[in-house]
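Engineer: Here's the letter readout for the chains.
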Amino acid sequence: MPTSVEDLINPGVEDVIADSKLHGNIDPAQDQTMVLNMGPQHPSTHGVLRVVLEVDGESVVALAPDIGYLHTGIEKTCEAKFYQQVVPLTDRIDYLCPMTNNLTYCLAVEKLLQLEIPERAQYLRVLLNELTRLNSHLVWLGTHAMDIGALTVFLYCFREREEILRIFEMVAGQRMMTSYFRIGGLSMEPPIDFYDRVRNFLKIMPEKIAQYENLLTGNPIWMGRLKNVGHLSAADAIALGVTGPPLRASGVDWDLRRDMPYSGYEKFKFDVPVSQVGDVWARYEVRMKEMYESVKIATQALEGLPEGRITAVAPKIILPDREQMKTQMESLIHHFKIVTEGFAVPAGQVYQGVESPRGEMGYYVVSDGTAKPFRVHMRNPSFATLQALETMCKGRLLADVVAVIGSIDIVLGEIDR
Amino acid sequence: MSATTLEKAEVLEQMAANPAVAALSSLLIDARFALNELTITVPKEQIVAAVKAVQAAGYNFMEDVTCVDWYPSEPRFHVTYHILSHSLKERVRLIAPVGSEDLSIDSITDVWPAANFYEREVFDLFGVHFGGHPNLRRIMMPDDWKGHPLRKDYPVEGYR
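Protein chains in written order, with our numbering: chain V, 10 to 426; chain L, 1264 to 1423.
Worth flagging that the hints you see were computed from the coordinates, not collected in a lab. Any given hint could be a false lead.
The calculated label-pair distances, taken between Cβ atoms and stated as ranges, are [stated by the list, open to error]: (1) GLU1270/L <-> GLN285/V: 44 to 50 Å; (2) MET1278/L <-> MET186/V: 40 to 46 Å; (3) THR81/V <-> ILE1292/L: 34 to 40 Å.
To give an idea of the chain L side of the interface with chain V (calculated C-beta under 7 Å), a few residues [as the list claims (entries may be wrong)]: (4) ARG1295; (5) ALA1297; (6) SER1350; (7) MET1403.
We treat Cβ as the ideally placed atom computed from N, Cα and C, and that holds for glycine.
Only chain L is shown next, with the shape it has when bound in the complex (with noise of 0.2 Å):
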């Protein structure tokens, strides 16, 4: 297994033909290339921009939308974008941090329906808000439901 990693001026210098990479380059504040994954991290105002330019760029198929609570570092939530090429036979992952002090991001459902339901599950489960989310309530949780279970600082058994 190749065990290379990449950081950002590496990525951009050695990847620089990867379409994912040349389509963000003007977009990304960070890269990786680790364990075969590529991730890059893009701004949060840039997300719709971003997934239209790996988009266009042959990453056709959007696999998952998901968030992880950094809590209590900040930017505290990492919306993760999973994006798949059929063409290409790979995949890319975007992250677009969003801070605690605007828990809001642009949705990305006008590229990709599909996005839908993942994030309206970040939503119920992480309370990050998606702008322009055609139906944007909970999906796993009752709707009178208080709190978002899967943010670090709540508990595992639920409040008493």
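Excised from the complex, chain V in its bound form (with noise of 0.2 Å):
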């Protein structure tokens, strides 16, 4: 066993392929497989996936995800920041869900700390976080859709994604990185049009939906590229760590708002799509069930949203309001010191799940007892789900693994980090 980690050989993917035990079962004489480099800049890799694939004719021998493209050293930056500098970073994991991940870090550091939050700030962050749903879903459909080669789709979700990114500009002063939500609540209170701009959006959504179902569902061409394509089984979906709506459908119903409530989701009423087919088409049908319900938590949040503050009573952790802070000596304080020298977190770890849309994402947070903390590792859902990929590919034509990417909903962002 080699003592230093410098004493392993790094061979590259191509290598790795070659000598997988697949590649033995030709037989070299007839030997005409081919290894085809696809991406890092490859429109239907959502990214800069990079996948090297073997193939026999049309058909995929092994396949090899190669990734590290987009790797910022997020982790690494946490570790030199104070707990409220890190919500801002959380936003640029995942594009697509920036309130899932600033949820999942201050639902994190707020169990460390042992604050309350109040409903209001509960019901609030509920609703962001479906409309992030949403949002994401949309750009998983419209892209799912441009990859198969339905692109009209695409200009449809992107009309209403763009309703749901004027929302969080409403909220948040920003469409994607929002960094709205804060250790201990909000950052501040929605504006008054906020709400009927909501109840509108969530009023025509479902009719929306069915609109997109309208021109996929029936489609021949969309039926034929997606049934029976990218079978994944339930104990491989285990196995292989995979979550959210792949998990789904691969029969297996769970799901963290339902199973392991976080902020106030006990509250909620809602199902729990489960599809027992596992293959492409059923990942399709279970996000675009999932859809409607987002649209139902959405909007018993909105109705049934509770009077009161939006953020925790912790003067020492949460910034004092613009107003107090420059009439009170003690506010001024605070603020000093909150915005100098951070705020202390007891020592301890905490893990925190959450179901983001593309599965589960998860905040490891270890803390040392003082205000930067000490290690941050995020579980990303991509990540795990992409080692499914070869399981999923593995045996079928060339052209299914466009499809088969597009179904698992990758982002690079968080698969790298």
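With the hints as a guide, bring the two chains together.
Structural biologist: Printed below as a string of structure tokens:
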């Protein structure tokens, strides 16, 4: 066994494929396989995913994802920032669900601090998280359909997504990198016309989802490309760490929102769509049904929104109101302390899992009792789901790889971090 | 929120019925229940036996493998596993301390293939070697990179 890491040889992905056991099954005299490189610059890899494929004619013999092109070292950066300064970094992990990342991180730190979050803030967090899920699923649907060749759907999806981004802009001032959640609550009260805008959006949304389904569900090309493609059994899904819609499409009835509720999800009524088939079509069906459920949850959160504070009562952790800061000595001191030296978090470690649009998003935060996190680790759903790519694609046609990558809905930002 | 913290002796006494505690009672070197989360420390030589035991106890889903560098104290690296049970609706955290004199631990990819990428990531960013891993290569950093960025003695801006 090598004692230092430098002793290890680092072969390229091509060598690994050449050594793979599958390669040995091919008669060398008849060897007609070819190693094909897909990405990192490829329109249907949704970012900078590189997939090295070994193909025999049109069928895939072996496949290896090669990642790391977008590695920015966010986990390392977190260790050099105050707890509250990490929130904007979490947006940048997954640019399609910034609110979910904000929420997971805030919940983890709030658990360490043992903060009680007011119900109003919890409801608004749930509302915005479900809008984020719609936002993410709309991008997934648009790009997935575009990969398969149905270009029209993309435009319709982005029309509705635009409205969600405008709602985000209303509350956070930002369309994508929202950073709206704070440790202990929310950064500010939403503007007055926010509620009507969300209400109108939620009213028209089910109709729009039906419209997308109308464009796709009965379409013979769409069915031909999706049905019986990229099978993943429930046992394989669990063994490979697959979470979220792909897990539920394989017949495992598991949703963290229902089974291990956080942020008050236990107060909402919704169904968890599950399919037993496990192919690309099943994943499409599960996500489409999930969009209706998201509308249901968001509507409940909006209609049942309680009055009250949007931040916990913790003056040494949460920045005071601007007015208080300008008029009260004590608030000024707290403001100065939080901004210049942060706040100490009791030593300990927590893991907080949240159902993100892509699966289980988990933050593991270790504190050593200072104002900066000792270690922040993100458990990202796409990272684990990508491991199942080979199981789903092996023995299938090359064109199916594109359908499968679309169906697992990866975001490279969160895979590489 | 519950603020109960139980140390090793209390965990063994009060949580003996917990499936993870029961399965690991002969292997564990430390146990702690804090913030509603159960943490069990096992010797690194026993990690494969430990994950097999929790798997048999109903913890069917491997969520995460990561590492914490406690430099300069020893044992320096705490390889951390989060394992979830779909039927019990709870998770257990296993910690295997790895000292800097021998940076190796057994791979759990035979028990859960999902650990493959995670162990590669820990190897890449911390330099902990996983024996028996099918494809232990760097995953985030370029293949010819020197050093392990998430170690505490690696500067945030990198070496100049």
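Engineer: It remains to establish, for every hint, whether it holds in the given structure.
Structural biologist: Verification of the hints:
For GLU1270/L and GLN285/V, the Cβ-Cβ distance of about 45 Å falls inside the hinted range of 44 to 50 Å, so the restraint holds. For MET1278/L paired with MET186/V, a C-beta distance near 42 Å keeps the hint of 40 to 46 Å intact. At roughly 36 Å, the beta carbons of THR81/V and ILE1292/L sit within the given window of 34 to 40 Å. Here the hint on ARG1295/L is broken, as its CB sits about 9 Å from the closest CB of chain V, past 7 Å.
The restraint placing ALA1297/L at the interface with chain V holds, with a minimum CB-CB distance near 6 Å, inside the 7 Å limit. With its C-beta approaching chain V no nearer than about 10 Å, SER1350/L sits outside the 7 Å limit, and its interface hint is violated. The interface hint given for MET1403/L is met, as the beta carbon of that residue sits about 4 Å from the closest beta carbon of chain V, less than 7 Å.
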